[in-house]
Structure formats: structure tokens, C-alpha cells
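So the sequence lines, in the order shown, correspond to chains A and B. In this text, residue positions in the first sequence follow this note's numbering: the first is 693, and each later residue adds one. In this text, residue positions in the second sequence follow this note's numbering: the first is 4, and each later residue adds one.
Everything labelled a hint here was simulated from the structure, so no lab data went into it. Heads up, some of the hints might be wrong.
Unchecked claim - Rough simulated footprint, nothing fancy, chain B against chain A, three-plus residues with beta-carbon under 8 angstroms:
#, stretch
1, 935-944
2, 970-984
What the hints assert, rightly or not - Okay, the calculated beta carbon distance ranges per label pair:
#, chain 1, residue 1, chain 2, residue 2, range
3, A, Val933, B, Lys147, 45 to 55 angstroms
4, A, Val883, B, Glu166, 21 to 31 angstroms
5, B, Arg142, A, Gly868, 50 to 60 angstroms
6, B, Ser299, A, Ile698, 55 to 65 angstroms
7, A, Trp835, B, Arg139, 49 to 59 angstroms
8, A, Val876, B, Pro126, 42 to 52 angstroms
9, A, Leu697, B, Glu166, 23 to 33 angstroms
10, A, Trp835, B, Ser317, 51 to 61 angstroms
11, B, Lys147, A, Arg932, 24 to 34 angstroms
Said to hold, decoys possible - Below are the DSS-like pairs computed for lysine-lysine, each with C-alpha atoms no more than 30 angstroms apart in a straight line:
#, chain 1, residue 1, chain 2, residue 2
12, B, Lys223, B, Lys158
13, B, Lys56, A, Lys937
14, B, Lys158, B, Lys147
15, B, Lys54, B, Lys143
16, B, Lys85, A, Lys834
17, B, Lys32, B, Lys85
18, B, Lys143, A, Lys937
19, B, Lys223, B, Lys56
20, B, Lys32, A, Lys834
21, B, Lys158, B, Lys56
22, B, Lys82, B, Lys32
23, B, Lys85, B, Lys305
24, A, Lys733, A, Lys746
25, B, Lys82, A, Lys834
26, B, Lys305, A, Lys937
27, B, Lys82, A, Lys937
28, B, Lys147, A, Lys937
29, B, Lys223, B, Lys54
30, B, Lys85, B, Lys54
31, B, Lys158, B, Lys143
32, B, Lys223, B, Lys147
33, B, Lys54, B, Lys158
34, A, Lys834, A, Lys937
35, B, Lys223, B, Lys143
Just so it is clear, CB atoms sit at the ideal spot from N, CA and C, and this is done for glycine as well.
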Amino acid sequence: MIGYLIRRVLGMVLLLFLLTLAVFFLFNMIPGDPARLTCGKICTPTLLAQNRHKLELDIPPAEQYVRFLGGLINGRTYAADSPSPVYCPAPCLGYSFLRHQQVLSLITKALPVTFWLALGGFIIWIITGLAAGIYAALHRGKWQDRSIMGLALVGYSLPSFFIGLVLIFFVVLEWGLLPFPQWVSPTDNPVQFFQTMILPWIVIAVLNAAFYVRLTRNQVLETLGEDYVRTARAKGLRERVVVVKHALRAGLTPIVTAAGLDLAYLLGGAIITESIFSLPGMGSLAVDSVVRSDLPVIAGVTLVSAAFIIFANLIVDLLYAVVDPRVRVG
Amino acid sequence: MIGRLTRTVDRISTTATEERAFLTVNNLKVAFPTEDGLVQAVDDVSFSIEKGKTLAIVGESGSGKSVTAQALMGLLDRKSAKVSGEIWLNNVELLGLSTSQLQSMRGDELAMIFQDPMSSLHPFYRVGDQIVEAMRAHRKVNPKEARREVIDMFKRVGIPAAERRVDAYPHQLSGGMRQRVMIAMALINGPDLLIADEPTTALDVTVQAQILELIQDLQKEFGTTVIVITHDLGIVADMADEVAVMYGARIVEKGPTHTIFNEPEMPYTLGLLASIPRMDMEAGGRLLPIPGNPPSPLRLPKGCVFEPRCRYASMNNGLSETVRPDLLPSGSPDHLVRCHLPQETRRRIAEEVLTTLRSGTKQQ
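Here chain A stands alone, though its shape is the one from the complex (with noise of 0.2 angstroms):
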């Protein structure tokens, strides 16, 4: 068991030096210049070599690649021999010179943001997904499963702009139900938290839900005729016990599966929630650093929504082990 994890955590490392060298290198190959763009609208060639200089853009790649691993590890000084260094501590993931701040400060101040959202949709789209996909198997073919099924294919083919914009229309402008959405941390202000929250939350959850009621459905009429089950029920055991106990556990590790990598995505940002709700979130980070061409900071949202995939990845195989004993993780 230890070795395994020692195995995976080292391969995890490997997988986001690569990932950097990926990053790295695209963003050196996307035409346009990055010490253009922070040069402003009066730009003269000596002002365009400065700033190339100030970004350490005027040394070879390969270079300016071992200085960024080096940022990220012990920290770097941008342009130490100009007369305004700029020091980006580590783990420096980079300083964006368009904004003026540590690329690590922006994820930092966006993170929370998208942490939440992430959470309360995921929590309301696993209980409703799970819920409604069995009361859909036990229901199968008859108008209860028809029309839950039926209300996920469109919960699944609306586009989560449209949801989210005619959410805002009514219940926001129409019926004065809700404030304006303005994020707010949940320790400042818990009850504006809620309030701005919980339309985004829905937005998420109904896209994800959509899917998991078909998972889930798909998961448990499988299990369902599993002999295991019919023991079970040879057993004299209740139909609920039978079906949650012994048909859904067994049909969980996908669902597990799934969970776990559609959380760590939400986590790198849900980038149309976040717009549409003005949240400040990765996602928000994300777009506008796009289109500012703010290539530091989309390096640094890039291996940060990344890593938590990777690691949301071996997460999921170490559940493994725990929702199926035959799985021997070593």
C-alpha cells in the first residue's frame, strides 16, 4: 500500500513536469508577442526591448523553461538587473505583468470561489441524481422512470447559459426573488452567500444530474439482476435494503468514477456559470486572462485545473479499494 502510493505519487509528479513542458512550450508557439502587448499604444523599439527584457522573453526557450522550474521551486526575481525587479516568491507559477500581480495570488483570490460553487452543485446534483436514477430503476418503464428520464434529456441538452439566463430572468428580475448575484465569502456574509449561490449551484447540478440519473438508472437495473441480489432477496431482506444495500453498492464504482474526475473539473472552473453569475472564479480568471492574452496567468490556471484532475484521478483509484474489496491496491 505504501509503495503504491510512493509509485503513484512519484508518476503524479512526472505527469505535471510534463504537463509544464506542454504549457510551456505551446504558449512560446501561439503567434503574438507577449512584450508587444505590455507595451502599451506609444511603443518604440527601445521601450519593445525593455519590456522583452523585463519578461525575460530575450533569452533562449530552453532557458527561460529551467527558470520557470526553478520559480516554481525556489522562487525567481524577474529581470534582476533592470531598476524595478520584480521578486515572485515561491511556488512562483509566474507574474503577470499586464495585471501586476503573482499569478499564485489570482488562483489564490479565485480559488474559494470556484471551490464552492464546485461543492454545493456537486452535493445537489449527486443526491438528486442518485435518488432519481433508482426510483427510476424500480420504476422502470412506467410513467415515474418515463418521465424522469425524459426530464434529463432536456436537463441534458439545455445549454447551461440558457439555464442559467432564464434563471436570473425570472427569478431574479421578474420575480424579485433573489438579490442580484454579488459573491461574497461565506464567512462574511453566509445568508448573501446563499443568496447568490444557489442559482449558480442549480445551473451546475441540473446539467450533471442529468447525466448521473442515467448512470445511476443504468448502474442499479444492472445490479439488479445480478444472482447476488436475488440472494438477497432469498434472504427475506426488504425490497429497499435489496436494492440500496446490495444492487447500488455494487454498481457504485463508476459512479465513483465519474464523481470524482467531474469534481475536479468543476474545479478548474466552470467557466459560463461563473460568467453568466459574475463570479470571480477560475473560470472567470480564465477568460479574461484569454482575452487579455495574459499568458502567464492561463499557464498557471491551466496546471493548477490540471493538477487537480491528476490527483482527483488517484483519489478515485484508492476509492476504489474501498467500495470494492477485491481491488488490491499494491
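With chain A's structure known, arrange chain B on it following the hints.
What follows is chain B alone, placed relative to chain A:
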């Protein structure tokens, strides 16, 4: 407590005046509506067993024997299977019970062992816990006592190192051990009726005999009535007091074991007997396989269901092709045969086939 009382009252009120055997099945019919039409899986099956005895239901795959067992256990989905007839266990009619009444009897008064112990045990739970679950479905036991009881039962069914094995997962046990676990699970609440559906089919030959012996020992010890469902006539000879041979959803011959083995009359039973290799056969002696395949349950023959495969059907002037024969007593009242052939003809044919088999005459 009150539940127990009302159940007892229910049972008294359902007791009819007429004297019934411990288990009596009357005109059991099971049909599955499918898109291709109605599949009659069990058609008009009746039998009875006295307490402590063993009935073997024999037949090929698709003959309806497993569906009969599942109907007895109430395991057929009420939505997809149409079940009719009567099943009386201890003077309680099972088919008329509500789901919850049936649940309280299943695993308590009647229990079942399945064919494949690997797929019949839940892969995610410890075997001990799965058995404790069966106990707690029917009575209150504290976890410590329950565990001790499971260990005792494990020892009784011959599981070595029982204290350790209760905490094992199914995949950590061998096939034979798993089937012992299934037997322990079936017997943990002391059922009056045990249904064993091909209990040894999925096991190694060396383990099969042990499991059969175990079932018989436990049957003697607990006074359990056993229905064993099998296609293996060796098991039948070994265990059963009575045999019901099923073919095409119906019982085609029924009687005491020695009668079925020594004086079979239905050509299908004869075919089964003639198609098993025997130790007392001389080398080079031929088996007589039954030609053809069992009929599709969607398109059963109009007349006798065995007619297309029967070597002797032509001796009836076409009666077998048009008229369904009834299950009628032949000789003694407990020997029932479903066949159009005259009794003397049936006996003469059986005599010939059996002598051929026993003497192992080489058919040139």
C-alpha cells in the same frame, strides 16, 4: 411479538379442513409475457412432499425446473411473471401472501441454495456479515452472538478455520468453501424447506460429493425437507426419496426414486437414464442419446411435448402429434406418467432398453 402472533393467527385461519402434505403444490403455472408471445415456463405442475423427505426435480435446461424453484421461493418478479396455482407450505398458501408476509418467511422458513456460489454471494461484503444479515432479517441478535452463531454454523458445514473465514470476502474462498457458506446462510435460521438449485453444478467433481453429503447430513440433523433441482441423475439416486422429471414446462413422470430408476415408463425418462455412462457398463457399450433439442417454449408441439424427439411416438397412429397426454397413475398410485403409449408397451420398451444398458451388449 405482535407480528409473530398475527402471523400465527393468519396461519390458523388459512388452515383448511383437508389434510395436506408438508409442501403441496397444486396446478402451478408460470408464464412470462414477452414481445414474441407468452412463454409458458411452468405448466400445471403439482406435487407434494412429506416433512423431512427429499424430492428431486430433474430435467434439461429450459424444462422449467429452476422457474418452479423460484416460484416456490417467491423470487419471480410479480410484474413480469404471471404465476397461478397454489403452493401450500405447512398449511400456508404462499402465492396469496403479500410481499412483506413473503419476505418474513423467505430465508426463515424456506431457504435456497443457488447454482453458482461465486455470483450468488455479494462480492463487496464479508461472508460472515452476509449471513448475519440473513439472521437479522428475521430475529433480533446482538452482533457478538450473531458472530458466534455464524462461526458455529461454519464449523457444522465443515469450513475449517471458521473464526478466520467469517471475515473473508467471497473471492478469497474456493468454490467448495463458497458453496458451504451458501449452505450455512440457507440453514442459519433453521428453515423447514430447503431448495437446492443445482447445488453442485459449478463445483469440482471432488467437491460435489462432499457438498451432497453435507446437505444430507444437515437434512437429517435439522429434519429439513429438501427439494433438489438437477440434471444429474447421480445426485438423484444419491439423495432423493421421490423424483419428478420435467420436460417442456411439465412434469412428465413422477414417482419414488427406485421406481423411476428401475421401472421408468416415459420414453424421456428412459432417454435420460440411457444417456448417462455407468460403471457397470462393459467397455464399448453404447450410450443412447436423446436425438434433437428441447422445444422452444414459444412453439411447443401441439400434442405430446416430447413427441418430436420420441423414438416411439409413431406407435400411436398420430395421437402423440395432436393430443396432449395427461399425467396419469401407472400401476401404483404414486407413479405418474404422461404418455400416450399403452402401459404394456411402455414397460416392454423400458425393459428392453434397460437390459441392453445393463448387459452392455455391443450394438453392431
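_Violations among the numbered hints_ = 2, 3, 4, 7, 13 and 26
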